[in-house]
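Protein chains in written order, with the UniProt record's numbering: chain P, 1 to 341; chain X, 1 to 341.
Calculated from the structure, these hints are not laboratory results. Possibly wrong hints are sitting among the right ones.
No copy labels: a pair is met if it fits in one copy or bridges any two.
What the hints assert, rightly or not - EDC-like mimics (lysine to aspartate or glutamate), calculated; alpha carbons at most 16 Å apart, straight line:
id, residue 1, residue 2
1, LYS74, GLU188
2, LYS120, ASP27
3, LYS192, GLU76
4, LYS45, GLU61
5, LYS74, GLU189
6, LYS320, GLU36
7, LYS192, ASP73
8, LYS127, GLU188
9, LYS192, GLU36
10, LYS260, GLU47
11, LYS120, ASP42
12, LYS96, ASP199
13, LYS66, GLU126
14, LYS320, GLU126
15, LYS192, ASP209
16, LYS127, GLU189
17, LYS66, GLU47
2 protein chains.
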Amino acid sequence: MTQNRRIAVDVMGGDFGPSITVPAALDVMSRHPRLELVLAGDASKIEPLLEANKADRQRIEVLHCKQTISSDDKPEGILRSGRGSSMFLAIEQVQKQLAGACVSAGNTGALLLAGRHLLKTIPGIEKPAIMATIPVTRSGGYSYLLDVGANLHNTHTELFGFARMGALVATSLSGRSPCRVALLNNGEESSKGTAVIQDAARLLSACQDFEYIGFIEGNQIFSGRADVIVCDGFTGNITIKVSAGAVTAMKRQIQRSISKHWYYRMFSWILSPLFSDLRKEVEPTRYNGATLIGLQGIVVKSHGHADRTGFSRAIEHAIKQINDNVPALIASRMAADPVSH
Amino acid sequence: MTQNRRIAVDVMGGDFGPSITVPAALDVMSRHPRLELVLAGDASKIEPLLEANKADRQRIEVLHCKQTISSDDKPEGILRSGRGSSMFLAIEQVQKQLAGACVSAGNTGALLLAGRHLLKTIPGIEKPAIMATIPVTRSGGYSYLLDVGANLHNTHTELFGFARMGALVATSLSGRSPCRVALLNNGEESSKGTAVIQDAARLLSACQDFEYIGFIEGNQIFSGRADVIVCDGFTGNITIKVSAGAVTAMKRQIQRSISKHWYYRMFSWILSPLFSDLRKEVEPTRYNGATLIGLQGIVVKSHGHADRTGFSRAIEHAIKQINDNVPALIASRMAADPVSH
Numbered sequence: 001m002t003q004n005r006r007i008a009v010d011v012m013g014g015d016f017g018p019s020i021t022v023p024a025a026l027d028v029m030s031r032h033p034r035l036e037l038v039l040a041g042d043a044s045k046i047e048p049l050l051e052a053n054k055a056d057r058q059r060i061e062v063l064h065c066k067q068t069i070s071s072d073d074k075p076e077g078i079l080r081s082g083r084g085s086s087m088f089l090a091i092e093q094v095q096k097q098l099a100g101a102c103v104s105a106g107n108t109g110a111l112l113l114a115g116r117h118l119l120k121t122i123p124g125i126e127k128p129a130i131m132a133t134i135p136v137t138r139s140g141g142y143s144y145l146l147d148v149g150a151n152l153h154n155t156h157t158e159l160f161g162f163a164r165m166g167a168l169v170a171t172s173l174s175g176r177s178p179c180r181v182a183l184l185n186n187g188e189e190s191s192k193g194t195a196v197i198q199d200a201a202r203l204l205s206a207c208q209d210f211e212y213i214g215f216i217e218g219n220q221i222f223s224g225r226a227d228v229i230v231c232d233g234f235t236g237n238i239t240i241k242v243s244a245g246a247v248t249a250m251k252r253q254i255q256r257s258i259s260k261h262w263y264y265r266m267f268s269w270i271l272s273p274l275f276s277d278l279r280k281e282v283e284p285t286r287y288n289g290a291t292l293i294g295l296q297g298i299v300v301k302s303h304g305h306a307d308r309t310g311f312s313r314a315i316e317h318a319i320k321q322i323n324d325n326v327p328a329l330i331a332s333r334m335a336a337d338p339v340s341h
Numbered sequence: 001m002t003q004n005r006r007i008a009v010d011v012m013g014g015d016f017g018p019s020i021t022v023p024a025a026l027d028v029m030s031r032h033p034r035l036e037l038v039l040a041g042d043a044s045k046i047e048p049l050l051e052a053n054k055a056d057r058q059r060i061e062v063l064h065c066k067q068t069i070s071s072d073d074k075p076e077g078i079l080r081s082g083r084g085s086s087m088f089l090a091i092e093q094v095q096k097q098l099a100g101a102c103v104s105a106g107n108t109g110a111l112l113l114a115g116r117h118l119l120k121t122i123p124g125i126e127k128p129a130i131m132a133t134i135p136v137t138r139s140g141g142y143s144y145l146l147d148v149g150a151n152l153h154n155t156h157t158e159l160f161g162f163a164r165m166g167a168l169v170a171t172s173l174s175g176r177s178p179c180r181v182a183l184l185n186n187g188e189e190s191s192k193g194t195a196v197i198q199d200a201a202r203l204l205s206a207c208q209d210f211e212y213i214g215f216i217e218g219n220q221i222f223s224g225r226a227d228v229i230v231c232d233g234f235t236g237n238i239t240i241k242v243s244a245g246a247v248t249a250m251k252r253q254i255q256r257s258i259s260k261h262w263y264y265r266m267f268s269w270i271l272s273p274l275f276s277d278l279r280k281e282v283e284p285t286r287y288n289g290a291t292l293i294g295l296q297g298i299v300v301k302s303h304g305h306a307d308r309t310g311f312s313r314a315i316e317h318a319i320k321q322i323n324d325n326v327p328a329l330i331a332s333r334m335a336a337d338p339v340s341h
């Protein structure tokens, strides 16, 4: 199908807008010779970038619009006020089956609301979730954490749904099967955690869709022990932001240490490339491409501060999910074996 | 009072036991000429260390016992089986008013159970909490996070109690008054969060004991914006462990980057002191000395893997709280102005 070769990109989202998103999209296009792009955004900003980068115009459609949803816009009003925005235009491409997936670095709350509104939840899925990518430093691979903020509280059957969906998406993205799935908890012992987590553990351990490995603690999420880590949306949101905050704090401390000692200052020319390396490689949030899962269409959320490489990674995530037809995969698993309450 | 010059130390707890805890305690004693120590633990291990460090025996009492609570012991059975342990002996010194505070690097769950059992909760306090120290990299100061694991769920009045107690302890430890207090949440906007957090926000904003600054997100906890950050025990436990995990992951990544490139390998002799600096300064968990607050006595929990400097810092925390008579301070605030439901 043609739609599966087409990805809709909201080029206006994120801290840098078209100057980053357009070149990133062209990078991906050059790696995938059959890929076509729909670029939603301000044509007066997009066209010069296509020109400058000598883009293959045969494979690019520009959907012009003036409206942009900013990171400060309240998600609540977005369904009324955001209809003409680049974000809505991109999602509508998926809704109308003109594109196989959409990618945006815009306002997460707005993307979630618009995605649910336009694409609807997969039958049998209680709640959609946002799945974040976590770097595994030991192996250079990735783990996946969900939900990181589509929800606040979740029931044990919702957590079970996250585990099943997460395992399918993780297998698509990483190739690993069966996935090792864990529940994020305040201890590894089987007696630990809330009633919801205890009930979810019972459901997960009885499921054949994945390998349930039990509870995992906060300090283990980067260890690679689990491919998929499941928690409610509030806990996941705190987790992903705390890890970003800890990394930023550590970088600041490295810089303080360097500027404090003459010894390091003297060698700062040696250290500087190392730190630019670290900036690229280490920040968990840079392992870019959070996926909204549970919707009848593929929506990938890039971080707002993603650079060209980061944004192109988010588009690569979308391509993998298109190739595996992830929403259909989730729908057929849920239809074959619904969650029993 | 004599008891206020005496600190009881469980020297058997932690990854390294007396070889770290005894020299650390002696370091603190040398800085505080009137301080007396009660060292609870195996005398056959303590005595040679006192000898080797030429300790002032006039100011040291050794409470000999053979029993130790290990980190693997289940807290549940501890009230029966742990009675003769070094941890119980240390807490009993506070209970019997023979010491002004106790310090242990042992099993947190056991310390909490034994502390509550022996010392009892301050009247008017619904639930005790564990307060952790968070480094603020920008200023080199500290913030405090509670609860990090004494509880699982908490009600809004319990969170309010944590805020009031936390502000009093933080003022004792940092000297800052009034304290800026924030609630950890999934967003800064006033509409964000669970019903419990929303209700807690109303109580906090009406309280005159501290300056309530609103919600704080996970990435802001190291920023120094708040002196005291309040959350339920489950969220706090995840937060403190995720930040430790993120820092460990980043260190591992730095080491990978160095070993990967000939350029860095060549200069590794320059880099190595920097990394030993980082190991000491950056790890959030090294900012040592979590306090069990809300009990009728001072109990400071050192991290199990604290080194000599780290463990001595935990003892310094205890001294500060003795000097300010923190449990009495909390009791009088609670009696003067009980939490209204």
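Are the CA atoms of LYS45 and GLU61 at most 16 Å apart within a copy, between copies, both, or neither?
within (14 Å within a copy, 77 Å between copies)
One pair to classify: LYS66 and GLU126, alpha carbons no more than 16 Å apart. Within, between, both, or neither?
For LYS66 and GLU126, neither the intra-copy (35 Å) nor the inter-copy (55 Å) Cα distance is at most 16 Å.
Alpha-carbon proximity between LYS320 and GLU126, which holds within one copy, between copies, both or neither at 16 Å
Close neither inside one copy (24 Å) nor across copies (51 Å); limit 16 Å.
Up to 16 Å CA-CA - GLU76 versus LYS192, copy category
between (36 Å within a copy, 12 Å between copies)
Have a look at LYS96 and ASP199 and pick one of within, between, both or neither, based on CA distance no larger than 16 Å.
Neither way: LYS96 and ASP199 sit 39 Å apart in one copy and 43 Å across, limit 16 Å.
When Cα atoms must be at most 16 Å apart, do LYS74 and GLU189 count as within-copy, between-copy, both, or neither?
between (41 Å within a copy, 10 Å between copies)
Is it within, between, both or neither when you check LYS127 against GLU188 at 16 Å Cα-Cα?
neither (26 Å within a copy, 24 Å between copies)
Treating 16 Å as the Cα threshold, decide for LYS74 and GLU188: within, between, both or neither.
between (38 Å within a copy, 12 Å between copies)
LYS260 and GLU47: within-copy, between-copy, both or neither at 16 Å Cα
neither (47 Å within a copy, 40 Å between copies)
At most 16 Å between alpha carbons: which applies to LYS192 and ASP73, within, between, both or neither?
Answer is between: at 15 Å across copies they meet the 16 Å cutoff, but 39 Å inside does not.
Cα distance capped at 16 Å. Does LYS192 pair with ASP209 within a copy, between copies, both, or neither?
neither (24 Å within a copy, 34 Å between copies)
Is it within, between, both, or neither for LYS192 and GLU36, if the alpha carbons may be no more than 16 Å apart?
Neither: 49 Å inside a copy, 39 Å across copies.
Violated hints, listed in ascending order, are 2, 8, 9, 10, 11, 12, 13, 14, 15, 16; each of the other numbered hints is respected by the structure.
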